[in-house]
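Please put together the full structure from these sequences, using the hints given.
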Amino acid sequence: MTEREFSLTLSTKTFAPGTYIFTINNAGTASHGLSIKGPGVNSTSSIISGGQSTKLTVALKKGTYELWCPVDNHRSMGMMTTISVK
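The sequence shown maps to residues 0 to 85 in numbering that gives the first Met the number 0.
Think of the hints as simulated: they come from the structure by calculation, not from any bench. A couple of the hints might just be wrong.
[Unchecked claim] When the alpha-carbon atoms are kept at most 20 angstroms apart in a straight line, the in silico EDC-like pairs for lysine to aspartate or glutamate are as follows:
#: 1; residue 1: K54; residue 2: E65
#: 2; residue 1: K36; residue 2: E65
#: 3; residue 1: K85; residue 2: E65
[As the list claims (entries may be wrong)] Between beta-carbon pairs, the in silico distance windows are:
#: 4; residue 1: T8; residue 2: V40; range: 14 to 24 angstroms
#: 5; residue 1: T8; residue 2: S45; range: 14 to 24 angstroms
#: 6; residue 1: T11; residue 2: T53; range: 18 to 28 angstroms
#: 7; residue 1: K85; residue 2: A29; range: 25 to 35 angstroms
#: 8; residue 1: A26; residue 2: T81; range: 16 to 26 angstroms
Even for Gly, the Cβ is constructed at its ideal location relative to N, Cα and C.
Here is the structure:
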């Protein structure tokens, strides 16, 4: 996943059930992170500065998940998306 002011970009939005490691690359200049919430998951990565990366491991079940940047008002500024697990 690539984060920048103010967007999240994933290579895919459809996943099969299983354990995933989200690699978060901050291509912006502001601090960013990743929160994921859905069936059985409510996780947040560490907050990283521009140019840094971090990872977040989650076990996804069937359903819809919300992903967003938990920093300040970044979510309301467009740093959010949803994924489907089928």
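Comparing the hints with the structure gives:
1. K54 to E65: Satisfied, since the Cα-Cα distance of roughly 17 angstroms is no more than 20 angstroms.
2. K36 to E65: At roughly 5 angstroms apart (the allowed maximum being 20 angstroms), E65 and K36 satisfy the hint.
3. K85 to E65: 15 angstroms, holds
4. T8 to V40: 14 to 24 angstroms: 20 angstroms, holds
5. T8 to S45: 14 to 24 angstroms: 19 angstroms, holds
6. T11 to T53: 18 to 28 angstroms: The hinted range 18 to 28 angstroms holds for T11 and T53, with Cβ atoms some 20 angstroms apart.
7. K85 to A29: 25 to 35 angstroms: 33 angstroms, holds
8. A26 to T81: 16 to 26 angstroms: Holds, since A26 and T81 (Cβ atoms, about 21 angstroms apart) stay within the stated range.
This entry satisfies every hint, going by the numbered hints stated previously.
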